[in-house]
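J.: These protein sequences, in sequence, are chains A and B. Counting along the first sequence from 1, when you hit position 17 you're at 17 in the numbering used here, and nothing is skipped either side. Counting along the second sequence from 1, when you hit position 49 you're at 1049 in the numbering used here, and nothing is skipped either side.
Calculated from the structure, these hints are not laboratory results. Think of the CB as a built atom: it goes at the ideal place given N, C-alpha and C, for glycine as much as any other residue. Do not take every clue at face value.
As the list claims (entries may be wrong) - Quick list of the computed label-pair ranges, beta carbon to beta carbon: (1) A:Ala-336 / B:Arg-1011: 36 to 44 Å; (2) B:Leu-1101 / A:Arg-121: 52 to 60 Å; (3) A:Arg-89 / B:Pro-1035: 30 to 38 Å; (4) A:Gly-59 / B:Asp-1384: 40 to 48 Å; (5) A:Glu-92 / B:Glu-1092: 38 to 46 Å; (6) B:Ala-1336 / A:Ser-200: 36 to 44 Å; (7) B:Glu-1126 / A:Ala-43: 30 to 38 Å.
Stated by the list, open to error - Okay, the calculated bits of chain A under chain B, using three or more residues with CB under 8 Å as the criterion: (8) 225-233; (9) 237-244; (10) 434-443.
2 protein chains.
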Amino acid sequence: MTTSHYAEFERATRQYHLLGSIESLLDWDQETCMPPRGVEQRAEQLALVAGLAHERLTGDEFATALGKAERNGRVDEWASATNLREMRRRMERARRLPTELVRETAKVSSLAKQAWARARRESRFELFAPPLERLLELKRRAAELIGFEGEPYDALLDEYEPGARSAEVAAVFDELKKALVPLAAAIAKAPRKPDVALLSRYCPKESQAEFCRRVAAALGFDFQSGRMDVSMHPFCSGTCPHDVRITTRYDERFLPAALFGTMHEVGHALYEQGLDAAHAGTPAGQSVSLGIHESQSRMWENFVGRSRPFWEHWFGPLTQQFTSLAEVRLDDWVLAINNVRPSLIRVEADEVTYGLHIMLRFDLERRLMTGKLAVRDIPQAWNDGMRSLLGITPDSDANGCLQDIHWSMGAVGYFPTYALGNLYAAQFFEAARAAMPDLDDHFRRGSYAPLLEWLRRNIHRHGMRHRAAELVQAVTGRPLSAEPFVRYLRAKFEPLYGINA
Amino acid sequence: MTTSHYAEFERATRQYHLLGSIESLLDWDQETCMPPRGVEQRAEQLALVAGLAHERLTGDEFATALGKAERNGRVDEWASATNLREMRRRMERARRLPTELVRETAKVSSLAKQAWARARRESRFELFAPPLERLLELKRRAAELIGFEGEPYDALLDEYEPGARSAEVAAVFDELKKALVPLAAAIAKAPRKPDVALLSRYCPKESQAEFCRRVAAALGFDFQSGRMDVSMHPFCSGTCPHDVRITTRYDERFLPAALFGTMHEVGHALYEQGLDAAHAGTPAGQSVSLGIHESQSRMWENFVGRSRPFWEHWFGPLTQQFTSLAEVRLDDWVLAINNVRPSLIRVEADEVTYGLHIMLRFDLERRLMTGKLAVRDIPQAWNDGMRSLLGITPDSDANGCLQDIHWSMGAVGYFPTYALGNLYAAQFFEAARAAMPDLDDHFRRGSYAPLLEWLRRNIHRHGMRHRAAELVQAVTGRPLSAEPFVRYLRAKFEPLYGINA
Chain A
1 MTTSHYAEFE RATRQYHLLG SIESLLDWDQ ETCMPPRGVE QRAEQLALVA
51 GLAHERLTGD EFATALGKAE RNGRVDEWAS ATNLREMRRR MERARRLPTE
101 LVRETAKVSS LAKQAWARAR RESRFELFAP PLERLLELKR RAAELIGFEG
151 EPYDALLDEY EPGARSAEVA AVFDELKKAL VPLAAAIAKA PRKPDVALLS
201 RYCPKESQAE FCRRVAAALG FDFQSGRMDV SMHPFCSGTC PHDVRITTRY
251 DERFLPAALF GTMHEVGHAL YEQGLDAAHA GTPAGQSVSL GIHESQSRMW
301 ENFVGRSRPF WEHWFGPLTQ QFTSLAEVRL DDWVLAINNV RPSLIRVEAD
351 EVTYGLHIML RFDLERRLMT GKLAVRDIPQ AWNDGMRSLL GITPDSDANG
401 CLQDIHWSMG AVGYFPTYAL GNLYAAQFFE AARAAMPDLD DHFRRGSYAP
451 LLEWLRRNIH RHGMRHRAAE LVQAVTGRPL SAEPFVRYLR AKFEPLYGIN
501 A
Chain B
1001 MTTSHYAEFE RATRQYHLLG SIESLLDWDQ ETCMPPRGVE QRAEQLALVA
1051 GLAHERLTGD EFATALGKAE RNGRVDEWAS ATNLREMRRR MERARRLPTE
1101 LVRETAKVSS LAKQAWARAR RESRFELFAP PLERLLELKR RAAELIGFEG
1151 EPYDALLDEY EPGARSAEVA AVFDELKKAL VPLAAAIAKA PRKPDVALLS
1201 RYCPKESQAE FCRRVAAALG FDFQSGRMDV SMHPFCSGTC PHDVRITTRY
1251 DERFLPAALF GTMHEVGHAL YEQGLDAAHA GTPAGQSVSL GIHESQSRMW
1301 ENFVGRSRPF WEHWFGPLTQ QFTSLAEVRL DDWVLAINNV RPSLIRVEAD
1351 EVTYGLHIML RFDLERRLMT GKLAVRDIPQ AWNDGMRSLL GITPDSDANG
1401 CLQDIHWSMG AVGYFPTYAL GNLYAAQFFE AARAAMPDLD DHFRRGSYAP
1451 LLEWLRRNIH RHGMRHRAAE LVQAVTGRPL SAEPFVRYLR AKFEPLYGIN
1501 A
């Protein structure tokens, strides 16, 4: 009987996630294929599927199946234990939020997105302030209902980074800040300056697409279990290890957008394709958190893709593919793609200053959640933060506090996962290097299988077996810290810019 | 209260069809985008959505909502009356089929499809016979459960052509046969022979795609509310008037495949895009039947697209687009695309002989349903029929009774709708011509709006208001007959081939 109780729970879990996979496909199609006028029907389709999924997760039937499986399940196996633990967490979380609050949040968010789009276009924060105010109220209410030990922000952060605590994240970020600010300043004063103009040379879209597909395949992206398309905002949509879809965008006057964008999404995709298909549709076959996901994308994009060894292999193919780059020197190329400069826009930020953008948002979000910061004071707080962290002042709210879509979607607590991704990536990469001291030689030969296999064995295959913090401890033997990332940045950027920060 | 009862029923109806629209997208994606290895998850997604839809349609909640709306609905409006009538019909039909029978049919069909694919590949009917036998048993049981007045086949035909009766269809087909056989024979003996070799001239895929898109747009296909892709088997997938997707396939050595395939699918798509969006997701905003749908595709593909007036406009653009056709003469082109010749394969058949292929299948299906024909005797019956109707004998079962996928999918009763489509098309087209005697002049100028507007006003806008037979009567003032189609064929092919059949 115990097996059948667990089997019943697992079946219900898979059905629930199958609805989620359909939602993902509807989203993917909307961004890549859907005719413009299909948008209204799509909203209805998405609402229907999301509603069905929510009903299943919060319904008595699921609770009963989960309860029986918990009492009689095969909790000796790691996968069963993972699935019971995680589905309990998700169900509790979902059941604490009344349908009316979920619906209201979706409605306000829909209005907020429109308001935000207009506010950004016209650079008028006051247009966005009222719906944001309302949305934050709903988020505060949600945090109270979900519950938290430390501060309200924890309840939101937990959605994206299960188990993470704001105070701990803040401590790591503080440690990181102490290193990033002087490093960025030292690079700014370095005599060596990248010739970034060469990144703007003309590269035809078709050639970019061809080159990006070659790189993606070389890194290990399986086109039999995935595809690559074009969308306004690049993303990776994985519904099972055998159907993982990435998108990119092409700017004929800025090759890095597609090139590093593709490697970033491939990093996400390799994680999704590396999950255990036998556990597909259950937490044992799902990614740990957004932060761990981001660690994979950042690793392939930056730690691998912006490294000199990587280009020692690919620079030949690159200059053959793009005639406009034929005369460029490898050193100049590597320096240009590693240009470090304080800038206004997060998504365009380099490896060194990126984290500072996140710290600003993390700080504002926490203060907004406790009410210490009022919505109307966001623009001022933003600009003060930019000055203090990056030494520059936004020329407008559009290029300042209105630049990101996240708040308008109600995604508060999401930003920290981007910076955590960098930290996880560095700590994992350091461990991988320790295990495989010849990693750079592999990259010089265009060989990525050793790194990928290591990631699969140590991270991908385990699904949600460990929380992020436990995974870091298990894989690297230490708790999360900013040190490996700081070491990585120093080891890379000091020789590159000829400095000693 | 009456309004709210109807509103509740309508809401449930829309939700049910919304699930259907999601199923359509999953199907479309599978044929056009899905990575090969995604197939297993897709089967699960499709089964889940189909199951949810079936549950909704047959559940007590829907029956209650429908019952209340029937007693208190606004049946004075045509749309409400249509929706109540049609949903009652669909619900009754679905409720008569036990879930176990539906599931068993899906399972056997899945096996039958695999068996059919192999049987066709190896041209061994005996591999397909056992699952077909089982499938036909299930179909006979379904027919008994659904019920019928005339013969069991009526119950199956009714799924695709609501309200049609086998005996009536047979009578019209007999009338048609009397004209087709001598006309085909006369053309075969005509001294004028098309130079079909010119259809095999090289036309690059990209140029074909560009030309097909131009033609599609000119006919009225709205790319803001639709898109065009490539798939193995061309189809049209319409989930609402604002999201209608067609596919085609390119053969660089046979332009007509993409060219007329596109016009065919555009015909389907114009119907879908012409349905009333205000009634989307309810029968008042849906197509009448497969036969009426096919009348639209055949009309645009053949009645318009293979006509001389059409090419008087498009022949210039065609010869400019494809250098291999630069020296061809308009008359030779028009004759070549209207090549008539008895052939083995239905989907490659011309306008004159196409109906004979259908009559063969219709006759076999009826006899299989009553048990007068045994499965093991299908090959012999097929070959006999081909000889008697078309004067040729298949060289193999692969090119004979194994050529079509329909039976392996359990789609018995589907074939007649193809031939009915031709008959409806001719009768509608004759009425359109009577209303607009200058239609050919419009075509000569590349103007299709008059015909499209006429179709929208007389057919598309009415959704399922009328059954097919009623619609024909309403639009043309007469019941369905083979005469208009025969008149159309004679008027077109006799002068083309210089004969008097």
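J.: Does each hint hold? Answer for all of them.
T.: Status of the hints after comparison with the structure:
1. Evaluation of the 36 to 44 Å hint for A:Ala-336 and B:Arg-1011 yields a failure: the beta carbon distance comes to about 58 Å.
2. At about 57 Å, the CB distance of B:Leu-1101 to A:Arg-121 agrees with the hint of 52 to 60 Å.
3. In this structure the hint that A:Arg-89 and B:Pro-1035 lie 30 to 38 Å apart at CB holds, the actual value being about 31 Å.
4. A beta carbon spacing of about 58 Å between A:Gly-59 and B:Asp-1384 contradicts the range 40 to 48 Å that was offered as a hint.
5. About 43 Å separates the C-beta atoms of A:Glu-92 and B:Glu-1092, a value consistent with the hinted range of 38 to 46 Å.
6. Take B:Ala-1336 and A:Ser-200: their Cβ atoms lie about 52 Å apart, and the range 36 to 44 Å is violated.
7. Checked against the hint of 30 to 38 Å, the pair B:Glu-1126 and A:Ala-43 fails, with Cβ atoms roughly 52 Å apart.
8. With 3 residues bearing a CB less than 8 Å from a CB of chain B, the segment 225-233 of chain A meets the requirement of three and the coverage assertion stands.
9. Residues of the segment 237-244 of chain A with a Cβ under 8 Å from some Cβ of chain B number 5, which satisfies the need for three, so the listed coverage holds.
10. For the segment 434-443 of chain A, the stated coverage by chain B is violated: 0 residues have a C-beta nearer than 8 Å to a C-beta of that chain, whereas at least 3 were required.
Violation of the numbered hints given earlier is confined to hints 1, 4, 6, 7, 10; the remaining hints are satisfied by the structure.
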